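Chains as they are written, first to last, in this note's numbering: chain A, 1 to 343; chain B, 1 to 165.
Hint data in this document are derived by calculation from the structure and do not stem from the laboratory. Certain hints may be false.
[Unchecked claim] On the chain A side, residues computed to face chain B include the following (Cβ under 10 angstroms):
hint	residue
1	F37
2	Q39
3	N45
4	F300
5	L316
6	M317
7	L319
Computed from a predicted model, the values in this text were never measured in an experiment. All C-beta atoms, glycine included, are put in the ideal place defined by N, C-alpha and C.
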Amino acid sequence: MELADIAIKFGLIVVIFAISLVVAMYSTYAERKIAAFFQDRVGPNRAGPFGMLQPLADGAKMFMKEEIIPTNATPFLFIVGPSLAILTACIGSAVIPWGQNITVGDKVIPLQVTDINVGILYIFGVVSLGVYGVMIGGWASNNKYSLLGAIRAASQNISYEISMGLSIIALLMVTGTLSLGEIAQQQHGWHWNVLYQPVGFLLFLICAFAETNRTPFDLPECETELVGGYHTEYSSMKLGFYLFAEYINMFISSAVMATLYWGGYNYPGMDWVAAHVGPVVGPLIGTAVMFAKVFAFIFFFMWVRWTIPRFRYDQLMDLGWKVLIPLAIANIVITGIFITFFS
Amino acid sequence: MESLSNKKKQLTIKPLNFWERAYLPAIVQGLSITMKHFFRKPVTIAYPDEKREFSENFRGMHSLKRDENGKERCTACGLCALSCPAEAITMTAAERQKGEEHLYREEKYAAVYEINMLRCIFCGLCEEACPKEAIYLDGDIVPSDYLRKDFIYGKDKLVEAPLNQ
Numbered sequence: 001m002e003l004a005d006i007a008i009k010f011g012l013i014v015v016i017f018a019i020s021l022v023v024a025m026y027s028t029y030a031e032r033k034i035a036a037f038f039q040d041r042v043g044p045n046r047a048g049p050f051g052m053l054q055p056l057a058d059g060a061k062m063f064m065k066e067e068i069i070p071t072n073a074t075p076f077l078f079i080v081g082p083s084l085a086i087l088t089a090c091i092g093s094a095v096i097p098w099g100q101n102i103t104v105g106d107k108v109i110p111l112q113v114t115d116i117n118v119g120i121l122y123i124f125g126v127v128s129l130g131v132y133g134v135m136i137g138g139w140a141s142n143n144k145y146s147l148l149g150a151i152r153a154a155s156q157n158i159s160y161e162i163s164m165g166l167s168i169i170a171l172l173m174v175t176g177t178l179s180l181g182e183i184a185q186q187q188h189g190w191h192w193n194v195l196y197q198p199v200g201f202l203l204f205l206i207c208a209f210a211e212t213n214r215t216p217f218d219l220p221e222c223e224t225e226l227v228g229g230y231h232t233e234y235s236s237m238k239l240g241f242y243l244f245a246e247y248i249n250m251f252i253s254s255a256v257m258a259t260l261y262w263g264g265y266n267y268p269g270m271d272w273v274a275a276h277v278g279p280v281v282g283p284l285i286g287t288a289v290m291f292a293k294v295f296a297f298i299f300f301f302m303w304v305r306w307t308i309p310r311f312r313y314d315q316l317m318d319l320g321w322k323v324l325i326p327l328a329i330a331n332i333v334i335t336g337i338f339i340t341f342f343s
Numbered sequence: 001m002e003s004l005s006n007k008k009k010q011l012t013i014k015p016l017n018f019w020e021r022a023y024l025p026a027i028v029q030g031l032s033i034t035m036k037h038f039f040r041k042p043v044t045i046a047y048p049d050e051k052r053e054f055s056e057n058f059r060g061m062h063s064l065k066r067d068e069n070g071k072e073r074c075t076a077c078g079l080c081a082l083s084c085p086a087e088a089i090t091m092t093a094a095e096r097q098k099g100e101e102h103l104y105r106e107e108k109y110a111a112v113y114e115i116n117m118l119r120c121i122f123c124g125l126c127e128e129a130c131p132k133e134a135i136y137l138d139g140d141i142v143p144s145d146y147l148r149k150d151f152i153y154g155k156d157k158l159v160e161a162p163l164n165q
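Same shape as in the complex, but just chain A:
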């Protein structure tokens, strides 16, 4: 690999890392603002214009707060927990195609860090590693409630990963590839997968809510019955990392959903636009479209949060095992029948 290529890749990694951090940071602001709008309030408006500096103030507060490691906690694992949570949240972005290749002169700059041919498997692997962050954090706290919360979180994540995996299988039968870059390319010109796999998308969406621990599946961090869930004992920025990881996860899973089902960077009339505006601006418009889709999903996450109350734990498990998994299997079977007889 040439030095220039390495520089481009490195730059892309830094940019995507920065973008996901900034998006996660401003998701906290957006969350509060959107919550306020849904409740006929104004929301944060003190720090800076429209309260735009609120995330910085929150971050400063998190860093300045006293850090407490409980006496009987396992210090090493206590620190590893949140680090693992944020690490696994961050590395998921590596395989997501953010746009088409940009051509500058004879240099082709891909807007995807790496297009490995098992992209989806990589994402699933990384996502399931996220359970470790929660589990280790809850265990290392040496607190019954934290441990209970962590176990709940882990069992919830694992249960929903099954139906998530099953829902993706039907999609893979349609696309015939595991590479996210290729899946995004195939959806060019209205061949969006959501049109072929509406049920699969719905299942994936529900599982994504559960995987990111968002309402109505935010059982790991319930205040009433488990004090605070797996991060009861955490304070200052270690707690901040857990909360931050949730927002990064939300961003990444929104990006995955947009890529897998909603066409990624594809938008109607993109051939005409690409022919008229050139090889640099065209892909960048596609990237903007991709981000618009991602933000729409993030908004949807927040919209649902202020609409639906939290599930009870047994209801959650019922839904996961008795409804979503059979539906996902039925979806696979029906997709298989369609592929066999109609194409």
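Given the coordinates of chain A, assemble chain B onto it according to the supplied hints.
Frame of chain A; chain B shown alone:
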């Protein structure tokens, strides 16, 4: 048994139909309701910047009124103190001297008039009891303070400002 009021109604639990059990239409309905609120105007009053208008019959801090010539209306009859269920009002009466006619409306006036704001329940009975229309609860919220003694409001805080100032 015969119902006493004839308003008894037999309630039955209706089994959910298919769409209700499917759960998603209900979620969509809920989402549309919250979406309606998203575009509604905020009802927030940004408190320190803008204050909310009190309603006409809001009962706030007391004020002792003056008449149209700027004389104090209160004659220290003690009816307000008598009617006060919290016993928050105390007063000492005094006789008007020569040369004080412009200050007090009648021969008797309150030399000391104190309301303990920690005891007051803002019921408005003093207002109703007053035969001279001298006391009204038309002020603002009683401000907070650090010491209990500072909540005993004397005439310096209660009497209206003189007319010609």
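Hint numbers contradicted by this structure: Violated hints: 5 and 6; rest satisfied.
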